[in-house]
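As given, the protein sequences belong to chains V and G, one line each in that order.
Counted from 1, the first sequence has number 168 at position 168 by full-length UniProt numbering; the numbering is strictly sequential.
Counted from 1, the second sequence has number 87 at position 87 by full-length UniProt numbering; the numbering is strictly sequential.
Everything labelled a hint here was simulated from the structure, so no lab data went into it.
Virtual Cβ for every residue (Gly too), placed ideally from N, Cα, C.
Possibly wrong hints are sitting among the right ones.
[What the hints assert, rightly or not] Distance ranges between label pairs, derived from CB positions:
{"id": "1", "chain 1": "G", "residue 1": "V32", "chain 2": "V", "residue 2": "A259", "range": "50 to 58 Å"}
{"id": "2", "chain 1": "V", "residue 1": "G199", "chain 2": "G", "residue 2": "D116", "range": "24 to 32 Å"}
{"id": "3", "chain 1": "V", "residue 1": "N200", "chain 2": "G", "residue 2": "D116", "range": "23 to 31 Å"}
Protein chains: 2
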Amino acid sequence: MSAVPPSGLSRLSLNQETIRQWSLPELAEGCVKAGVTGVGLWRAPVQEYGVERAARLMRDAGLAVTSLCRGGFLTGAGAERAAALADNRRAVDEAATLGTGTLVLVSGGLPPGSRDLYAARERIADALAELAPYAAERGVRLAVEPLHPMFASDRCVVSTLGQALDIAERFPAERVGVVVDTYHLWWDDRVAAGIARAGNRIAAFQLADWITPLPAGVLLGRGQLGDGVVDFRRFRELVDATGYTGPIEVEIFNEGLWARDGAEVLAEVADRYVTHALPAPPIPST
Amino acid sequence: MSAVPPSGLSRLSLNQETIRQWSLPELAEGCVKAGVTGVGLWRAPVQEYGVERAARLMRDAGLAVTSLCRGGFLTGAGAERAAALADNRRAVDEAATLGTGTLVLVSGGLPPGSRDLYAARERIADALAELAPYAAERGVRLAVEPLHPMFASDRCVVSTLGQALDIAERFPAERVGVVVDTYHLWWDDRVAAGIARAGNRIAAFQLADWITPLPAGVLLGRGQLGDGVVDFRRFRELVDATGYTGPIEVEIFNEGLWARDGAEVLAEVADRYVTHALPAPPIPST
Numbered sequence: 001m002s003a004v005p006p007s008g009l010s011r012l013s014l015n016q017e018t019i020r021q022w023s024l025p026e027l028a029e030g031c032v033k034a035g036v037t038g039v040g041l042w043r044a045p046v047q048e049y050g051v052e053r054a055a056r057l058m059r060d061a062g063l064a065v066t067s068l069c070r071g072g073f074l075t076g077a078g079a080e081r082a083a084a085l086a087d088n089r090r091a092v093d094e095a096a097t098l099g100t101g102t103l104v105l106v107s108g109g110l111p112p113g114s115r116d117l118y119a120a121r122e123r124i125a126d127a128l129a130e131l132a133p134y135a136a137e138r139g140v141r142l143a144v145e146p147l148h149p150m151f152a153s154d155r156c157v158v159s160t161l162g163q164a165l166d167i168a169e170r171f172p173a174e175r176v177g178v179v180v181d182t183y184h185l186w187w188d189d190r191v192a193a194g195i196a197r198a199g200n201r202i203a204a205f206q207l208a209d210w211i212t213p214l215p216a217g218v219l220l221g222r223g224q225l226g227d228g229v230v231d232f233r234r235f236r237e238l239v240d241a242t243g244y245t246g247p248i249e250v251e252i253f254n255e256g257l258w259a260r261d262g263a264e265v266l267a268e269v270a271d272r273y274v275t276h277a278l279p280a281p282p283i284p285s286t
Numbered sequence: 001m002s003a004v005p006p007s008g009l010s011r012l013s014l015n016q017e018t019i020r021q022w023s024l025p026e027l028a029e030g031c032v033k034a035g036v037t038g039v040g041l042w043r044a045p046v047q048e049y050g051v052e053r054a055a056r057l058m059r060d061a062g063l064a065v066t067s068l069c070r071g072g073f074l075t076g077a078g079a080e081r082a083a084a085l086a087d088n089r090r091a092v093d094e095a096a097t098l099g100t101g102t103l104v105l106v107s108g109g110l111p112p113g114s115r116d117l118y119a120a121r122e123r124i125a126d127a128l129a130e131l132a133p134y135a136a137e138r139g140v141r142l143a144v145e146p147l148h149p150m151f152a153s154d155r156c157v158v159s160t161l162g163q164a165l166d167i168a169e170r171f172p173a174e175r176v177g178v179v180v181d182t183y184h185l186w187w188d189d190r191v192a193a194g195i196a197r198a199g200n201r202i203a204a205f206q207l208a209d210w211i212t213p214l215p216a217g218v219l220l221g222r223g224q225l226g227d228g229v230v231d232f233r234r235f236r237e238l239v240d241a242t243g244y245t246g247p248i249e250v251e252i253f254n255e256g257l258w259a260r261d262g263a264e265v266l267a268e269v270a271d272r273y274v275t276h277a278l279p280a281p282p283i284p285s286t
């Protein structure tokens with residue numbers, strides 16, 4: 001009997017940044033070989049390869065594109081805001097071309113000189129009011145991602161699932177959803193209530209572990225599943241309880257993983273995913 | 001007219017780690033010269049100098065010891081718990097000798113192998129039930145400090161003011177209070193409600209600014225007041241509104257400040273404190 005039955009991986013999606021040493025063709029081939037049926041993509045490598053070409057590559061390999069990262073950075077004003085909206089419309093177009101219904105948004109930090117988190121979050125909501133109809137016409141849902149509070153000043157003023165929902169709930173659920181990423185939310189004692197509240201707004205469910213010490217800049221400090229303190233099984237159960245049956249995407253930014261053989265990393269990801277996120281196997285009777 | 005009237009510094013306290021390049025005698029002399037009347041002390045340098053001797057030094061200089069950092073690390077079990085309780089009793093004794101009524105507690109991270117933040121916080125409450133009567137007999141209030149969520153796994157499972165209050169409120173307010181530190185709480189949209197709820201439980205009010213990028217390990221990433229995104233005036237007004245009239249302690253861990261002349265750093269701290277935390281001066285009539 002295989003330790004990792006093929007069906008165990010049916011919901012697993014590999015975010016390409018987890019194995020950024022792979023080109024897009026390597027990613028497609030590696031996933032097919034490993035029995036992984038979904039991928040999360042990033043705009044820069046897709047643009048470099050060609051958006052149509054990347055879409056064809058994944059389609060031909062039988063891979064679902066589960067999300068595109070990322071739009072957002074919507075907290076600026078004036079010319080900066082206009083440029084951000086234009087760029088987000090391009091991101092929507094790319095998502096539509098790739099055949100994914102989910103564009104992940106990292107909403108942006110405080111504008112230079114501002115100390116007003118509330119005003120910055122209102123700007124995000126204003127921008128979504130312009131973007132959401134455009135995205136809906138193209139079959140793309142905007143997914144507001146709360147980032148860990150350590151990113152609140154420079155990357156994302158949306159720090160909790162509750163704040164993300166406060167914004168998303170101003171729009172129809174099929175137009176604006178939220179991302180549940182364990183790395184960003186694991187510490188929050190209100191996350192169970194937030195996930196229940198999110199209900200059918202969960203547009204993406206992403207896994208990474210929390211490990212310390214954090215590296216300088218803290219962006220690349222994510223851990224392989226099981227190496228840290230996140231209770232993935234509990235998160236998956238909470239998300240399952242909303243009725244979400246979509247992909248579970250593993251997105252780890254970690255230089256140690258990037259230095260290793262990609263196939264080996266993916267095998268480890270699949271193994272850890274089964275061990276830590278899926279239901280525990282029944283205890284065999286003796 | 002002086003830009004910084006002496007009365008403007010009446011509530012300012014200098015936490016010694018802000019100018020860790022100073023010995024305790026240098027700290028006492030430097031504060032007296034700068035018109036700063038309070039100091040926050042740390043156990044290690046005080047123990048090295050001698051607790052009684054440090055108490056005499058500050059008393060003779062006319063300086064109030066506004067807090068002692070730190071007790072805590074109360075999330076362990078078994079022998080670890082017993083050792084932590086014994087160490088915290090020593091910390092209480094040291095605080096009493098120094099004449100401060102406030103012992104700051106950094107509560108501790110997740111025990112090795114645990115992923116249960118809730119259980120860890122319950123252990124803290126259990127430990128406080130043993131420590132609080134001992135501290136009260138010696139005139140010392142235990143002050144639970146919420147630390148930024150980026151410290152939740154390895155340093156302090158109490159990440160929000162709400163969580164700190166959930167623990168503190170199990171005890172009489174004069175025995176267990178909380179610390180309001182802008183560096184840890186600035187990002188939280190519930191902090192205004194938390195400060196109002198804290199009321200007379202605010203045992204210490206500490207200031208540091210949030211700046212990025214964060215350094216490796218993130219512990220020494222705090223910014224001089226005004227260099228980052230914290231709205232100190234708003235925090236001070238919220239804390240004032242509870243009726244708190246106690247010291248306002250500046251506690252910045254920053255290697256850049258440690259490399260400079262201590263007197264120059266303290267003059268800058270005083271100037272930034274007046275500019276950013278005190279009420280804005282009235283606009284002169286023309």
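Verification of the hints:
| no. | hint | in the structure |
| --- | --- | --- |
| 1 | G:V32 x V:A259: 50 to 58 Å | holds (55 Å) |
| 2 | V:G199 x G:D116: 24 to 32 Å | holds (26 Å) |
| 3 | V:N200 x G:D116: 23 to 31 Å | holds (29 Å) |
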